[in-house]
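S.K.: Here are the chains, one letter per residue:
6 protein chains.
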Amino acid sequence: MTTPAPIPWEDPPAARTRPIWRYSQNPVIRRDLLPTSNSIFNSAIVPFDRGFAGVFRCDDWTRKMQLHRGFSRDGLSWELDPEPIRFECDEPELETFVYGYDPRVVRIEDRVYVTWCNWYHGPTIGVGWTTDFETFHQLENAFLPYNRNGVLFPRKVDGRFAMLSRPSDDGHTPFGDVFYSESPDLRFWGRHRHVLSPVPNSWQATKVGGGPVPLETSAGWLLLYHGVRLTASGALYRSGLALLDLDDPTKVIARTDDWHLGPETAYERTGDVPNVVFPCGLVHDAATGELRLYYGAADTSICLATAQLDDLLDAVLAAPPGP
Amino acid sequence: MTTPAPIPWEDPPAARTRPIWRYSQNPVIRRDLLPTSNSIFNSAIVPFDRGFAGVFRCDDWTRKMQLHRGFSRDGLSWELDPEPIRFECDEPELETFVYGYDPRVVRIEDRVYVTWCNWYHGPTIGVGWTTDFETFHQLENAFLPYNRNGVLFPRKVDGRFAMLSRPSDDGHTPFGDVFYSESPDLRFWGRHRHVLSPVPNSWQATKVGGGPVPLETSAGWLLLYHGVRLTASGALYRSGLALLDLDDPTKVIARTDDWHLGPETAYERTGDVPNVVFPCGLVHDAATGELRLYYGAADTSICLATAQLDDLLDAVLAAPPGP
Amino acid sequence: MTTPAPIPWEDPPAARTRPIWRYSQNPVIRRDLLPTSNSIFNSAIVPFDRGFAGVFRCDDWTRKMQLHRGFSRDGLSWELDPEPIRFECDEPELETFVYGYDPRVVRIEDRVYVTWCNWYHGPTIGVGWTTDFETFHQLENAFLPYNRNGVLFPRKVDGRFAMLSRPSDDGHTPFGDVFYSESPDLRFWGRHRHVLSPVPNSWQATKVGGGPVPLETSAGWLLLYHGVRLTASGALYRSGLALLDLDDPTKVIARTDDWHLGPETAYERTGDVPNVVFPCGLVHDAATGELRLYYGAADTSICLATAQLDDLLDAVLAAPPGP
Amino acid sequence: MTTPAPIPWEDPPAARTRPIWRYSQNPVIRRDLLPTSNSIFNSAIVPFDRGFAGVFRCDDWTRKMQLHRGFSRDGLSWELDPEPIRFECDEPELETFVYGYDPRVVRIEDRVYVTWCNWYHGPTIGVGWTTDFETFHQLENAFLPYNRNGVLFPRKVDGRFAMLSRPSDDGHTPFGDVFYSESPDLRFWGRHRHVLSPVPNSWQATKVGGGPVPLETSAGWLLLYHGVRLTASGALYRSGLALLDLDDPTKVIARTDDWHLGPETAYERTGDVPNVVFPCGLVHDAATGELRLYYGAADTSICLATAQLDDLLDAVLAAPPGP
Amino acid sequence: MTTPAPIPWEDPPAARTRPIWRYSQNPVIRRDLLPTSNSIFNSAIVPFDRGFAGVFRCDDWTRKMQLHRGFSRDGLSWELDPEPIRFECDEPELETFVYGYDPRVVRIEDRVYVTWCNWYHGPTIGVGWTTDFETFHQLENAFLPYNRNGVLFPRKVDGRFAMLSRPSDDGHTPFGDVFYSESPDLRFWGRHRHVLSPVPNSWQATKVGGGPVPLETSAGWLLLYHGVRLTASGALYRSGLALLDLDDPTKVIARTDDWHLGPETAYERTGDVPNVVFPCGLVHDAATGELRLYYGAADTSICLATAQLDDLLDAVLAAPPGP
Amino acid sequence: MTTPAPIPWEDPPAARTRPIWRYSQNPVIRRDLLPTSNSIFNSAIVPFDRGFAGVFRCDDWTRKMQLHRGFSRDGLSWELDPEPIRFECDEPELETFVYGYDPRVVRIEDRVYVTWCNWYHGPTIGVGWTTDFETFHQLENAFLPYNRNGVLFPRKVDGRFAMLSRPSDDGHTPFGDVFYSESPDLRFWGRHRHVLSPVPNSWQATKVGGGPVPLETSAGWLLLYHGVRLTASGALYRSGLALLDLDDPTKVIARTDDWHLGPETAYERTGDVPNVVFPCGLVHDAATGELRLYYGAADTSICLATAQLDDLLDAVLAAPPGP
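Chains as they are written, first to last, in this note's numbering: chain H, 1 to 323; chain E, 1 to 323; chain Y, 1 to 323; chain V, 1 to 323; chain S, 1 to 323; chain W, 1 to 323.
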């Protein structure tokens, strides 16, 4: 892996009270970047080549939900392939791609893995990989339906692949906990463990689900996740922080009781699904400690927020003992 | 019928990807055009005299839903009668007008007919007519409750009056198909036929209902209709296209799998019911092929969009074989 | 029409407090009278030939709901045709019989008409006729979906066919009023009028729907109907009485505020759907004033109850002014 | 009580059609006035010292709902105590403050009373008082759960304390009437009377609840209240007017059938809960007849609207006989 | 108070495993004891004169829910007044008796008090009294709607009247806790305290509500209460035991984690609402320690079960520490 | 494995129309076989020693759901251990047994495996094993929540353990398909494949789930499963038949469109959950072809039905091509 081109940095606004701040030119990927797209959101990227590559949820004007690859030099200006990704799959049962959405991407050893919400008689977790962003290979679905928000860890944990997911029902699920599962081979999964629950009477009272790929730090796995509360006019999605034990990620070391990013701006407040901030992709510049969070805004566009890793760690470590 | 004064034309924006574009000065009828109105939307017009006349849904500040007549020279600047229409009705059972909403108007032979959602122990389809927009006569309701979105064809089909409607329940109906019915006399209705269903996993997955009066073209009846999908924060209304057989309008010749107009602008994204584009009135200038679509925006105001008939026909004819 | 063979008469039990009493050998048609039937219920009969003929709802062990004809000499012992009725239908759109249930039969002039809940993109009212119970002809569905419990009057009213029905939604409808509609030709229907509503806080608080064909009496049309209340463990169906004006059946002359027959016995209390008494067929012996009510019990079998017409008329006429 | 400093006055816009108009610099209290607050809304104030004091609902970034005191010279510029109010309470069962929201404040004799939605095994009505806005004392909850929107009258009525409230369930209650209750001692409550119901088919069809403390006028108690209608995308909250009899406030003298203030501006249309106008605090300048209404906007900020008392009284007295 | 005639005693069946056993001739009051009654259930009695008197829920054949008085010599054979109780009430707002159900009766000092579920713009707790079972006086409703199962204690506690109740919503409430409230005068109520919650994953997971009047014992107040679990086919009502502190009945000393009486027999398993055992009336013979529990069976009839007080106390005191 | 003692055989009733018939002395295990049990149902057995052993769902009077072992000589008379099974488990996260229900047991090679619905932050599939019915070992849960009805195949398929299950939500799930999953080690599971869906408009329209362990026959795996339809008074559970390909059990060779056993008798029609027939255990006597089906009745007791394997195979093979 070559050193990625840096994403241009913007200093925080003077008066900020939060450890994370929005990019001034949001959205970075507008809903109609592709001529066929109605909305592009809830997507993820990795450093690739001398820049970045990503897998993007593009809903077209028939609301077909497809995954598209994209490339960028600077993480801000993106070129998306108008053709959706076609996964190579030698398993006939799985080769028909009905829909895919909310992808995450992660480099593990020499492959870039993609996980997404994949239809197989209901939503479940699809798994695929590529090395070159040209050819994509599809593996078995990780779990039975009904599941969403499958997020791989960026390395094996205790010798096994590790994944977070949020078991669901087949509609607008009114509940949701984060679970941890392991696999020796990305084919068979087991040792399912509970990680995070919603918190009653809070901003995350209805459901919680994993966001970007967890970031390994010396303090633990830093997890950004979405928390949802049902209000009198629908669901309100925000982004929270947790820190999981490095050796045993089912142990929650710390978890902020507040959110760090929620709908405030016009592009988060209005859109196809108003009041959604959905954290999905994270880029860490180890040299500078700079973090870039790519998040879906209002199920419509992709936005960028920036933070210093140390600030987020401070925030989560300062959190009161969680529920 | 005299030749209507033309509605001023605006060329499309340079970069458009859709066959229809918004009027730059939307909304054309603001929510408070009448001093008593809270919102004016989901309404329809016909050429009349040397300009246009229409029947308008005006919800006042008690949220009483009434129908008002209005007149315009150029289709853009409208004068609405602050008094609601009082239908003459010699049928005592029907003469109390409880509420009326979402009217369509259509000229058939020498009368202008109005259909609307009319309360009669629940929502059903009211039918009335006028010749002069002074006196309005009310006929029998076309169907039993519970029904909405009754849309007459602009001429008899096979010797009978023809109407589309969307059978409903008595609340925020979570289902909805379009049906076709016939009548020899606008009094008795029968020969009910199915026309359009929702499409699973699409932008029109929850319900579909007729929009403006179908437009007769050599290729068939062009139907703009609304399609609805329930999201995590409520219903999302958009406008789709179908082409029905001229001689047998229950046969769907073509149907686009995408929508052509959906909530994007602030006046569609926010309002009393956010994220609603509701196509309701259509004016065709046969000489130029220009179409003006009057649509309700966010259950709050009336907006205008413009297209060339040929572009819409091309779009619907190019659609893949529908579901 | 020949004089029907009399149905054997049972005197009422000594201590009865109700104007109607059960047949001692209930059920008269058991759930498995046909080798293929799981349940036979909610069905109707007419005098025919020298005995009786009927149309029966037989749900088989795949729970396919079909209509079967049946014949009886004495109204108690029945022979059912194991083959379902195949309606002749020259309308391709309607000829596929998806399901049919809860039939009513009525002789009008020289034909016996059958109405039933017929699937056509949802439940609606199917209409057919026969003269010989050999050949059955299917007409247009009377109404748009969603509707159930269509009941024809036994003669034209004011020169037109007349039907009661209960507009519904597409599931276990939690509401339901009885409406009256007219048709000049059994093809086109209109002049829809409201007849009966549920009564809040009563045994018929959830919905009401027509039962057997209304019986013409000098006092008016006697209507037995079902009334439903949702309890903590599901719907509770009972049978009530109303009297409609002979000349204008939309006028309710009288309506008992109590029910006259509700689930009490084991065969009504338990079955595939416990706690259902569903009045469906009525035979009047004009010579004696004897009435036989055939009703569905627990969605499982057909039972018989007996009354004197005068007693029922007395009961309904003595009812307090209805809601 | 000293004379309060006047709140700066803004004349109404030229073309207004309503008796109440918005302050041009809304919101007066932004969502993040406190560094810890995500939203500040649905709050109430009283003249205090030489200016104003208030009790404010501040939801922090954990969405903990707390009450904070605040002070202002001019009613526009506010200083809020970042520490939530800690009520002194000698009743152990009540001293744990789980959450409090939507406070009202009212001066009765020499005390300022606070009522709010207080958790006690569900939402109910908390009651407290202060004389100096330094020390706050908590009394017994007025009612059993589940209740919201408890509003005290500003003086005893017929020798007893009087309160309006809106009995609820434990979620997003889909119903709601306003009731009146009395207490000799603010400890035991009784003589519960019905006051206001929702109005079917109107803007207040789903529920209604008391707003600010009723204002005593020679014509009666002027009550601003919220009315809610469920739309296809959630609840729509607006503010209505009623006039209650001075001696018997359960008698509704008049009630406008329209609302006087509903969501129109961006700060009311969008926010954490879009489309909410929630009237909560009212200041009357007896010398000038000027009214200032403090209302929550979109569950996000506090806004100000201005009216002349006489205009509101004219409006409510001109209303048609209510439902 | 004279000594009541003893209720005949039946020894328990040999093999019983429960501390309570059914009367062999159940039901003691059949559904049609009154010629007008469809069902008689959920009722309560007190020793009176030389026998017993009671207040009975009689639903007639219009499902009007009324309270009737009744008298018995031996507690087994009952005579009910066919006329419903008419409460004298000098409060016009309350004098219209819309419905009343599920009464409890209790002697406090020289009066017999009746509490019941009383409609006042929704279900709430009605309160009345009599000394002679001839004249009944109605007091204020104890609480605001929506409430059910109001149960008075048989003496003042700490100088005040005391009542248990179960706040509800306005339908088939899917939640329910028992609360305790006090009143100095049976007119104003306050000091509301929580007593019992449902227990997750148990037979009482959905709701719990007070049963008969608590019985004072040296060990505490013995409370029989109903616990409900929603099953795949509706609610399942059973009877449980708790012991409340004599001086502070909000303190639960002990609570069995099992039920002691649940639906098993045909008269409990089937009826208008199947699977309901609803404990409502309790008679204690201090001389013998014998207890008679009158309970509603399947919302249809009244049944009797018998126990020794000591056995019940042993059972509740042996219970594991409750949830 | 020794030869099991035969279960006494009863010839079918003379007039039967179904290939399976009930044991005349049903239930074989009554609800209170254990002094602590309220209900014993939905359980499974295997030949063991010289008779049979089983794992039984015993719900006690606190409705704690536990698994108990039991033994029988003849399959009819059972002795159950009053102590619930305590699984040995060296995984602390799993060792707390919250609840277990609806067990299946199967001998694979030299172990008897138990699967059940096991709570782990919601219902999922627990897995354990024993060799002697003395010591039971618990393995990892097979899947993430929410899942029910995990059924192991009686041998490895294509070298791997194989399991059917029915993914669910966390309540009374209104949907349910049967899926197939594989594991190399009973620890990690994958290759999830769809097997069976509900059939619209049928007796199995709501959900379907695996019953007893599939029976290997030369024609394929014979699967008895439960199918559910929601009626107006709750869920109706019946038992259906499918035949799965021996080598690829995700291929459905045949499936009857009718059920073979549904609620008919009093012990199936009434009980804690009326109208439930739940097939759970199956014993095949290879020598005679006799099958004994143990099924839960009304969530209350265990009953027995008898069939000839050939008859069931004939029935399923004669089924029309399935949906």
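Among these hints, one or two may not hold up.
Copies of the same chain look alike in the list, so a pair counts if it fits in one copy or across any two.
[Unchecked claim] Pairs of lysine to any residue residues, derived as SDA-like cross-links and limited to a Cα-Cα distance of at most 25 Å, are as follows:
| hint | residue 1 | residue 2 |
| --- | --- | --- |
| 1 | K156 | R191 |
| 2 | K64 | A232 |
| 3 | K251 | D158 |
| 4 | K251 | H121 |
Hints listed in this document are in silico derivations from the structure and should not be mistaken for laboratory results.
S.K.: Quick check: which numbered hints come out false for this structure?
M.R.: Violated hints: none; all satisfied.
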